[in-house]
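Chains as they are written, first to last, in our numbering: chain A, 1 to 78; chain B, 1 to 594.
These are calculated hints, taken from the structure and not from any lab test.
None of the values given here were measured: they were computed from a predicted structure.
The C-beta atom is built at its ideal place from N, Cα and C for all residues, glycine as well.
Some hints could be false.
[What the hints assert, rightly or not] Part of the chain A face toward chain B, derived, beta carbon under 10 Å:
hint : residue
1    : E4
2    : Q5
3    : P7
4    : G9
5    : A15
6    : L23
7    : G31
8    : R33
9    : R36
10   : R42
11   : R43
12   : D58
13   : R62
[As the list claims (entries may be wrong)] Here are a few chain A residues that face chain B, going by a calculated C-beta distance under 8 Å:
hint : residue
14   : L13
15   : G22
16   : R26
17   : M27
18   : E37
19   : A39
20   : A44
21   : G47
22   : P49
23   : T72
24   : V73
25   : I74
[To be verified] Once the Cα atoms are required to be at most 20 Å apart in a straight line, the calculated EDC-like pairs of lysine to aspartate or glutamate come out as:
hint : chain 1 : residue 1 : chain 2 : residue 2
26   : A       : K64       : A       : E20
27   : A       : K64       : B       : E264
28   : A       : K64       : B       : D411
29   : A       : K64       : B       : E51
Take a look at the letters that make up each chain.
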Amino acid sequence: MTLEQLPTGQRALIAEVQGEDGLRARMLALGLRAGREVAVIRRANLGGPIQVRVGSTDLMMRRKEASLIQLTVIETLR
Amino acid sequence: MKRIALLGMPNTGKSTFFNRLTGASARVGNWPGLTVDLLSARILLAAEMVELVDLPGIYNLHGYSEDEQVVRHFLEHNPIDLLVVIANATQLDRQLSLVLQLKELGLPIVLLLNMADEARRQGIRVEHEKLGQTLGLPVVMMSAKYGQGFPQAKQTIEHLQKDAVARTADPAAFARDDELEARLERLVSNTVHVPVSASQGLTNRLDRVLLHPLFGLPLFLLAMYIVFEAVYTAGTPLQDGVAWLLDAFKEGYVAPLLGGANLELQSFLLEGVYNGVGTVLSFLPIIVLFFLFMGVIEDSGYLSRSAFLMDAFMARLGLDGRSFVMQLMGFGCNVPALMGTRVMRSRGLRLLTMLIIPFSLCSARLQVFVFVTTAVFSPAAAPLVLFSLYVMSFFAAFLTAALYRRRLPNDEPLLLELPPYRFPTARQMLLRGWQESRQFLKEASGFILLGVVLVWFLTHYPFEVQPASSATLAGQLAEWMAPLFAPIGIDNLMSIALLFGFVAKEVVIGALAVIYGASESALPGIIAAQLGWIEAYSFMLFVLIYTPCLSTIAVLKKESKSGWFTVVAVIWPLTLAWLVSFVFYQTAQALTAA
Numbered sequence: 001m002t003l004e005q006l007p008t009g010q011r012a013l014i015a016e017v018q019g020e021d022g023l024r025a026r027m028l029a030l031g032l033r034a035g036r037e038v039a040v041i042r043r044a045n046l047g048g049p050i051q052v053r054v055g056s057t058d059l060m061m062r063r064k065e066a067s068l069i070q071l072t073v074i075e076t077l078r
Numbered sequence: 001m002k003r004i005a006l007l008g009m010p011n012t013g014k015s016t017f018f019n020r021l022t023g024a025s026a027r028v029g030n031w032p033g034l035t036v037d038l039l040s041a042r043i044l045l046a047a048e049m050v051e052l053v054d055l056p057g058i059y060n061l062h063g064y065s066e067d068e069q070v071v072r073h074f075l076e077h078n079p080i081d082l083l084v085v086i087a088n089a090t091q092l093d094r095q096l097s098l099v100l101q102l103k104e105l106g107l108p109i110v111l112l113l114n115m116a117d118e119a120r121r122q123g124i125r126v127e128h129e130k131l132g133q134t135l136g137l138p139v140v141m142m143s144a145k146y147g148q149g150f151p152q153a154k155q156t157i158e159h160l161q162k163d164a165v166a167r168t169a170d171p172a173a174f175a176r177d178d179e180l181e182a183r184l185e186r187l188v189s190n191t192v193h194v195p196v197s198a199s200q201g202l203t204n205r206l207d208r209v210l211l212h213p214l215f216g217l218p219l220f221l222l223a224m225y226i227v228f229e230a231v232y233t234a235g236t237p238l239q240d241g242v243a244w245l246l247d248a249f250k251e252g253y254v255a256p257l258l259g260g261a262n263l264e265l266q267s268f269l270l271e272g273v274y275n276g277v278g279t280v281l282s283f284l285p286i287i288v289l290f291f292l293f294m295g296v297i298e299d300s301g302y303l304s305r306s307a308f309l310m311d312a313f314m315a316r317l318g319l320d321g322r323s324f325v326m327q328l329m330g331f332g333c334n335v336p337a338l339m340g341t342r343v344m345r346s347r348g349l350r351l352l353t354m355l356i357i358p359f360s361l362c363s364a365r366l367q368v369f370v371f372v373t374t375a376v377f378s379p380a381a382a383p384l385v386l387f388s389l390y391v392m393s394f395f396a397a398f399l400t401a402a403l404y405r406r407r408l409p410n411d412e413p414l415l416l417e418l419p420p421y422r423f424p425t426a427r428q429m430l431l432r433g434w435q436e437s438r439q440f441l442k443e444a445s446g447f448i449l450l451g452v453v454l455v456w457f458l459t460h461y462p463f464e465v466q467p468a469s470s471a472t473l474a475g476q477l478a479e480w481m482a483p484l485f486a487p488i489g490i491d492n493l494m495s496i497a498l499l500f501g502f503v504a505k506e507v508v509i510g511a512l513a514v515i516y517g518a519s520e521s522a523l524p525g526i527i528a529a530q531l532g533w534i535e536a537y538s539f540m541l542f543v544l545i546y547t548p549c550l551s552t553i554a555v556l557k558k559e560s561k562s563g564w565f566t567v568v569a570v571i572w573p574l575t576l577a578w579l580v581s582f583v584f585y586q587t588a589q590a591l592t593a594a
């Protein structure tokens, strides 16, 4: 499963971050790296970006980039 | 002189710390080999003059974005005595990666963990001494915003710079990040303790409303509308007050003082310099208010939310959410907004964004519009007219993006932090107001003065004819331009003001004051008598869309490093301005005649 497919409100662990080097470096700097826990907080309308929480950082990313992040699902929130 | 560089990721409060340490005495400096300007200040540290340089916020040292390249180039070529690294204490889980990379450079470093107050509120515990020992560098907790820990931070910096030896970074180290992720993981798990549910309750609750799938965007537009209305409602009485004061001062002191001088000199000083610069100065309260409101919105974190709300729409125009944020920044001044595009990595996206920013209704144009709308339209209609110009501003930008998107394609990913909502302190707001006023006064005393002097000369030479008549230089120039401006309802005298507006939009009202030989408080009446509402609106449409100012053109050239792009960025808005004014003027004329 990728981050793009992760249902809103569910948590998961990052298994692998794909994509070209520059993008991976940016994702790492924003806290997206293997082993970290992530959740999708909300999705914008009309195929817009998604809001992701990783650690204590909230970020927005497009669905295309989110599909580069492979996950292992751990549990459902609440 | 010793040199200290300030470095950190975006959103760490780096500028807040810089302002606190320097007392906001920064100036923009040029650096060898850099095409961009960096903020720097000279301050006294431990009885020694030290130069403090504020480097752009970066995520890593790889050099994929222009900001990252700037930092690399600076550290490789300018010897520094101390590198002050600022990290956000609530986000050490990721921000320490930059510290680990910086350590490889072989420079002396002190690490300041900012926003200690926010970290404490969220229950995040940092063992900063242990962190310092592991990293082998001094670590200080502080809050640059409220000042806790600031004295210790300053002391540590003073202590370290005392016997520092300047050196440049090891160029080979920039690409080195072996096992960075593993080292970061170990470091964080040993020293940073985050509670299972870090409490960002307020931000979560606000986001639920402000990022609502249906109401988020209307709420944002409403918020912007309220800000502009508030600036207008609170600003215009203040502006009238300043205009009245300047008038009273002129009649009471300046005019009697010049009573003995010859007529040309009197006219030059009173109708040229005093009226021209005075009219521009009377806008100071509106400008300060505007930047105060913009500053609050900027610091609050709401701007990055607008990127989230607008990205789906902007993506269809070949832009992204950040382009929209830059557009909003452009409402203050186009120049910093253009420089803000440096965070974009793809050239297509950056150029397309730079092409639409000049359509943002900047504070200089706001002065012209506030002035003309209050003079020509009723108090009830004026705010709506003003708002319609903001709508036009977006329309022109979006139309331009739609037309040029295929020539400037991009596939840049969008990754943007959504920081928690914050409110600036009174101190930060005052500082901001002061900096903006200073900037405004500096401009008024510089090229605005030059502009009005030139306008005075053109409209008064030769001296024996009626000022601003067709026999003057300005009159002849205007007649020559008439075939161009008559079809859009702009008369000869107004076209002279437009010509000078090319230099800077602030000059437009100053020029009108000089052309009509009127003072700040009498000018609106004259303008109202001269202009019907159709002509006035056509004039404002032209001012809104055509080339913003010389500074903007200079920055467009410098940032794009492309001659043809700069030519397009000047010619296209001129053409569009004329077309829009033409269509509006001719249609309105036809409709009112029928």
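Evaluated hints:
A cut of 10 Å between beta carbons decides the hint on E4 of chain A: the least distance to chain B is about 13 Å, and the hint is violated. Because the smallest distance between the Cβ of Q5 of chain A and any Cβ of chain B comes to about 18 Å, over 10 Å, the interface hint for this residue is violated. Hint status for P7 of chain A relative to chain B: violated, with the closest Cβ pair at about 16 Å, above 10 Å. For G9 of chain A, the interface hint is violated, since its Cβ never comes within 10 Å of a Cβ in chain B; the closest pair sits about 12 Å apart.
Look at A15 of chain A: its Cβ only gets to about 13 Å from chain B, farther than 10 Å, so that hint breaks. Given hint, L23 of chain A at the interface with chain B, holds; its Cβ is 6 Å from that chain's nearest Cβ, closer than 10 Å. The beta carbon of G31 of chain A comes within 4 Å of a beta carbon in chain B, closer than 10 Å, and the hint placing it at the interface holds. Against a cut-off of 10 Å between C-beta atoms, the interface hint on R33 of chain A holds, since the closest Cβ of chain B lies about 5 Å away.
For R36 of chain A, the interface hint holds, since its Cβ comes within 10 Å of a Cβ in chain B; the closest pair sits about 8 Å apart. Contact between R42 of chain A and chain B, as hinted, is supported at the beta carbon level, the nearest pair being about 6 Å apart and thus within 10 Å. Taken as an interface hint, R43 of chain A checks out: its beta carbon lies about 8 Å from the nearest beta carbon of chain B, inside 10 Å. Contact between D58 of chain A and chain B, as hinted, is supported at the beta carbon level, the nearest pair being about 4 Å apart and thus within 10 Å.
Hint status for R62 of chain A: holds, given a least beta-carbon distance of 5 Å to chain B, under 10 Å. With a cut of 8 Å, the hint placing L13 of chain A at the interface with chain B is violated, because the nearest CB-to-CB distance is about 13 Å. Hint status for G22 of chain A relative to chain B: holds, with the closest Cβ pair at about 4 Å, below 8 Å. With its C-beta approaching chain B no nearer than about 6 Å, R26 of chain A sits inside the 8 Å limit, and its interface hint holds.
Taken as an interface hint, M27 of chain A checks out: its beta carbon lies about 7 Å from the nearest beta carbon of chain B, inside 8 Å. This hint is violated: E37 of chain A has a C-beta 10 Å from the nearest C-beta of chain B, more than the 8 Å allowed. Interface restraint check for A39 of chain A: the shortest CB-CB distance to chain B comes to about 12 Å, outside 8 Å, so the restraint is violated. The restraint placing A44 of chain A at the interface with chain B holds, with a minimum CB-CB distance near 6 Å, inside the 8 Å limit.
Below 8 Å, beta-carbon pairs count as interface contacts, and G47 of chain A has one with chain B at about 6 Å; its hint therefore holds. Look at P49 of chain A: its Cβ gets to within about 5 Å of chain B, closer than 8 Å, so that hint holds up. For T72 of chain A, the shortest C-beta to C-beta distance to chain B is roughly 17 Å, which exceeds 8 Å, and the interface hint is violated. This hint is violated: V73 of chain A has a C-beta 19 Å from the nearest C-beta of chain B, more than the 8 Å allowed.
The beta carbon of I74 of chain A is not positioned within 8 Å of any beta carbon in chain B (closest approach about 14 Å), and the interface hint is therefore violated. Using a Cα cut-off of 20 Å, the hinted pair K64 of chain A and E20 of chain A holds, with the two alpha carbons roughly 13 Å apart. Restraint check for K64 of chain A and E264 of chain B: not satisfied, since their Cα atoms lie roughly 69 Å apart, outside the 20 Å limit. Between K64 of chain A and D411 of chain B, the direct Cα distance comes to roughly 10 Å. Compliance with the 20 Å bound is thereby established for this hinted pair.
Between the alpha carbons of K64 of chain A and E51 of chain B the distance comes to roughly 44 Å, so the proposed pair goes past 20 Å and is violated.
Checked against the numbered hints above, the structure violates hints 1, 2, 3, 4, 5, 14, 18, 19, 23, 24, 25, 27 and 29; every other hint is satisfied.
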